[in-house]
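**Student:** Chain by chain, the residues run as shown.
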Amino acid sequence: MSYIAKPKVAHPKLPRNDLGLTRRDYEGGMSTLCAGCGHDACTAAITQAAFELSIPPHRFAKMSGIGCSSKTTAYFMGNSHGFNSVHGRMPSVATGANAANQDLHYIGVSGDGDSLSIGMGQFAHAIRRNLNMTYIIENNGVYGLTKGQFSASADVGTKAKKGEMNEQPPIDPVSTAITLGATFVARSFSGDKDQLVPLIKAALSHKGFALVDVLSPCVTFNDHEDSTKSYAYTRQFYHPAIHTDFVPPAQSIEATYNESGTANIELHDGSQILLRKVQDDYDPTNKANILNHIQSKQQDGEFLTGLLYIDEGQKDFHALNKTVSTPLNAVPYQELCPGSDALESVLARYK
Amino acid sequence: MEETNTKDPEYYLRVVDCQWGCPAHTDVPEYIRLIAQGRFTDAYMVNRHSNVFPGVLGRVCDRPCEPACRRGRVEEEPVAICRLKRVAADLRDDVKDRLPDIPKVKNGKKIACVGAGTASLTVANDLMPLGYEVTIFEAHDTAGGLMRTNIPSFRLPANVLDEEIDMIVDMGVDLRLNSPIQSMKALLAEGYDAVFVGSGAPKGKNLEIPGRYDAEDQIHIGIDWLEGVAFDHIKEIGENVIIIGGGNTAMDCCRTSLRLGGKNVVVAARKPREYLKASDWELDDAMEELVEFKLCHSPKEFVLEDGKLKGMTFEKLEYYHDENGRLKNNYIEDVFVPADAVILAVGQENAFPWIERDIGLEFNEWEEPILNEETFESSLEGVFFGGDAALGPKNIIWAVEQGHQAAISIHQHCQGRDKTNRPPKRMNLISQKMSLHEWSYHNDYNPSARRQMNHVELTERFKELDIEVELGFDPEQTALEVQRCLNCDVQTVFTTNLCIECDACIDICPVDCLTITENGPEEDLRQRLKAPADNTDEPLYVSSALKHTGRVMVKDEDICVHCGLCAERCPTAAWDMQKSCLSDPQAVDEELLWQASQPKSA
Chain A
1 MSYIAKPKVA HPKLPRNDLG LTRRDYEGGM STLCAGCGHD ACTAAITQAA FELSIPPHRF
61 AKMSGIGCSS KTTAYFMGNS HGFNSVHGRM PSVATGANAA NQDLHYIGVS GDGDSLSIGM
121 GQFAHAIRRN LNMTYIIENN GVYGLTKGQF SASADVGTKA KKGEMNEQPP IDPVSTAITL
181 GATFVARSFS GDKDQLVPLI KAALSHKGFA LVDVLSPCVT FNDHEDSTKS YAYTRQFYHP
241 AIHTDFVPPA QSIEATYNES GTANIELHDG SQILLRKVQD DYDPTNKANI LNHIQSKQQD
301 GEFLTGLLYI DEGQKDFHAL NKTVSTPLNA VPYQELCPGS DALESVLARY K
Chain B
1 MEETNTKDPE YYLRVVDCQW GCPAHTDVPE YIRLIAQGRF TDAYMVNRHS NVFPGVLGRV
61 CDRPCEPACR RGRVEEEPVA ICRLKRVAAD LRDDVKDRLP DIPKVKNGKK IACVGAGTAS
121 LTVANDLMPL GYEVTIFEAH DTAGGLMRTN IPSFRLPANV LDEEIDMIVD MGVDLRLNSP
181 IQSMKALLAE GYDAVFVGSG APKGKNLEIP GRYDAEDQIH IGIDWLEGVA FDHIKEIGEN
241 VIIIGGGNTA MDCCRTSLRL GGKNVVVAAR KPREYLKASD WELDDAMEEL VEFKLCHSPK
301 EFVLEDGKLK GMTFEKLEYY HDENGRLKNN YIEDVFVPAD AVILAVGQEN AFPWIERDIG
361 LEFNEWEEPI LNEETFESSL EGVFFGGDAA LGPKNIIWAV EQGHQAAISI HQHCQGRDKT
421 NRPPKRMNLI SQKMSLHEWS YHNDYNPSAR RQMNHVELTE RFKELDIEVE LGFDPEQTAL
481 EVQRCLNCDV QTVFTTNLCI ECDACIDICP VDCLTITENG PEEDLRQRLK APADNTDEPL
541 YVSSALKHTG RVMVKDEDIC VHCGLCAERC PTAAWDMQKS CLSDPQAVDE ELLWQASQPK
601 SA
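So the protein lines, in turn, are chains A and B.
Position 200, counted from 1, in the first sequence is what the working numbering calls 200; the numbers after and before it change by one each time, with no gaps.
Position 2, counted from 1, in the second sequence is what the working numbering calls 2; the numbers after and before it change by one each time, with no gaps.
Be aware that a few hints might be false.
To be verified - No more than 30 Å apart at the CA atoms, straight line, and that leaves these computed lysine-lysine pairs for DSS-like:
id : chain 1 : residue 1 : chain 2 : residue 2
1  : B       : K547      : A       : K159
2  : A       : K162      : B       : K547
3  : A       : K159      : A       : K71
4  : B       : K106      : A       : K147
5  : B       : K7        : A       : K161
6  : B       : K110      : A       : K6
7  : B       : K433      : A       : K297
Just so you know, these hints were derived from the structure itself, not from any lab.
Could you build the full structure based on these sequences and the hints that come with them?
**Tutor:** Here it is, written out as structure tokens:
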């Protein structure tokens with residue numbers, strides 16, 4: 001924690017987005033996390049992505065649970081909506097909010113403890129419903145807020161700061177999400193914004209549940225030599241499978257890229273994801289193949305990163321439930337609550 | 001790019017824009033911090049060490065530090081450095097006991113200085129503590145040179161000047177007033193060990209146009225006229241006055257005219273405003289006093305009637321840039337401006353009618369002495385020049401610096417050492433870390449705007465010639481202005497092998513001056529930084545390869561606000577805030593001079 005807040009003064013030539021805002025306008029409060037926390041880099045990546053997409057900050061809803069990661073929603077987009085909910089219950093609150101107003105951009109920030117232990121059930125069902133949200137797991141393998149106990153994503157053989165070894169198998173949020181039917185699954189590293197920012201932009205533009213699992217080292221409790229989630233280890237073993245660029249709807253791809261070995265996927269809003277294959281045989285739409293890849297890399301002790309799976313063809317939560325497209329706060333009161341006569345006529349149908 | 005060599009003292013000195021911009025390398029951030037702590041005397045002494053005349057310069061310095069100030073790039077207005085200097089000078093205590101001790105037993109070397117102006121006084125200030133016997137010959141009956149004769153007392157009160165001159169003269173200088181030097185040959189014959197010429201640039205340039213010599217008592221040379229005013233020889237001027245010229249002397253002439261009875265005072269200059277040589281603030285002050293500016297007016301002739309000056313005719317011009325970007329003008333029309341008096345302030349030059357041309361002291365085709373620009377020694381060994389006499393008219397702060405350099409040369413000369421082997425600058429770095437997030441400097445950014453100097457009311461200030469117009473900062477203005485300083489001397493120092501590339505510093509930096517990226521040539525690197533880095537006057541810091549990825553840490557020094565958040569958010573203390581302390585040798589640093597003169601051993 002720092003004594004002074006980040007001064008409001010900015011570089012006089014800071015770029016502005018289509019709304020005339022600078023990245024600084026997407027910042028939030030001063031971080032109270034440890035200096036060097038990977039989560040702060042995630043916060044910066046979210047800030048950058050939202051700025052680059054030119055979405056007004058007040059059209060975001062930031063959802064979170066409990067933990068170091070869940071604190072971070074306070075550190076970006078100070079002028080947006082937010083709900084800091086109960087431990088592991090963020091997906092339910094997000095589901096409710098999304099049901100009432102599908103016009104906002106939902107961005108959930110959770111951790112490995114919040115999502116893979118206490119909130120595992122909630123996490124699974126939000127995926128099944130294909131809730132239209134970006135779900136970021138800031139994954140560091142420990143409970144940093146309670147002094148570094150192993151979480152459910154700690155690898156077998158990794159050691160705690162005091163030397164204790166973890167022997168329980170980890171839950172891999174990426175494989176789990178693909179198995180549960182997630183329609184956008186990515187993994188990245190807090191220390192590689194060149195990869196992370198386009199992934200968050202693509203996730204925010206994807207209609208449906210978009211999981212971004214970010215390896216985000218805990219600098220205080222899990223950044224030592226015997227850790228498999230330290231900065232040094234992650235740098236050495238993270239393996240970009242595919243490079244993802246995000247191209248907004250208005251921009252022509254041809255004008256931006258002309259190299260071979262690229263493929264593009266169009267998102268529902270007309271924006272495109274441009275994939276540059278780092279690994280030749282990787283196809284992020286072939287589910288069976290992907291799980292195989294992830295598993296084999298895991299056995300080699302490597303983390304496969306990038307946009308690992310995408311399926312633009314699935315219906316989202318609202319389409320599945322045939323809801324009204326207008327946010328409920330914009331539906332006239334008479335329609336939203338048509339009165340007891342209307343209720344009677346509905347009930348009469350079941351008599 | 002190559003890894004930045006931060007061991008070179010020039011690198012961190014350059015980051016401290018004000019100190020870099022000051023010819024005498026005054027430690028500006030340090031004295032501003034001392035003022036902030038109410039330590040005015042200490043702040044004064046920090047100043048005096050470098051610039052010798054803080055009270056004078058706090059009022060009338062040409063302030064090259066201010067256009068250089070980083071605050072002016074971060075916002076629009078630089079820190080009011082010059083005004084703060086005056087605060088220290090005005091509020092200091094007696095400094096007699098802090099001045100250097102003067103040896104009772106002299107070293108046997110005698111130095112003659114010609115002219116008791118800025119440069120000569122600086123030489124005396126530097127050499128007296130070393131045991132030299134310094135004699136200053138002054139033509140007038142007071143010391144101070146152009147500080148006395150050309151700067152009006154409403155800008156620089158005589159007592160401020162007297163006090164700072166006395167500090168030097170009281171060291172035991174043999175000051176001989178009313179003693180103009182008529183012959184260099186004769187002076188050399190007196191057997192001095194070295195002669196320093198600090199006689200200034202006392203010759204005002206003329207304007208040879210029709211009618212120039214037809215009304216001598218109404219047409220004046222600016223610096224001579226100001227000198228006449230300073231010595232009470234001139235006490236009044238006509239109601240309609242034209243000043244020709246657009247420099248600072250013209251501003252002093254027009255404002256002085258207003259105080260001697262001028263009612264309609266016109267400044268006429270050939271060029272448009274952006275080409276005027278006067279400092280912005282001096283132009284502003286003249287405009288505040290409702291001086292009329294006739295720009296783009298080229299003097300054509302003096303108009304006389306019955307031998308009396310009636311006015312002047314000007315050619316009104318219109319300026320434009322041709323296709324090569326050169327400034328060109330078109331004649332529009334003749335304009336007559338009535339005047340009872342005209343003052344020519346079109347420049348000045350040095351002149352040495354008293355130096356014989358057959359003594360081995362060589363002059364160039366413009367009658368300027370040929371000098372070694374490092375040692376300020378002329379072609380005649382043992383004769384040195386400084387101030388306006390040396391390289392033409394500059395300003396007080398340059399004269400001080402040249403005095404310091406000449407003093408080093410004179411000392412080396414008298415000790416029989418190599419004058420060209422100058423002692424190098426040195427730089428110390430001291431960590432400012434006090435505890436986890438606590439620094440020994442105030443690192444929070446204060447967004448206050450520059451404080452404006454209060455002036456004496458227009459209705460009051462013309463009553464006497466010597467009413468000082470600027471009132472100085474009040475305590476509230478001072479308290480705010482000191483906080484505008486960004487402490488650029490508290491450097492961000494990077495230790496490459498500690499960095500774990502967590503990006504914390506990059507994410508927290510409020511002005512986006514940090515980037516971790518692949519190395520490349522400077523031009524390419526500048527394109528890839530987090531915020532535009534198009535100010536190539538400011539250096540890039542580039543680290544060696546980082547241990548995890550082989551990329552480099554790049555810092556664009558341009559608008560770093562030295563808030564220290566990079567160091568606060570760094571988990572491994574790879575960034576630290578360290579104060580750079582420059583050691584810029586002067587003659588008093590005898591040991592350094594001696595070392596520098598020794599032959600390098602293998």
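**Student:** If you check each hint against the structure, which ones fail?
**Tutor:** 4, 5, 6, 7
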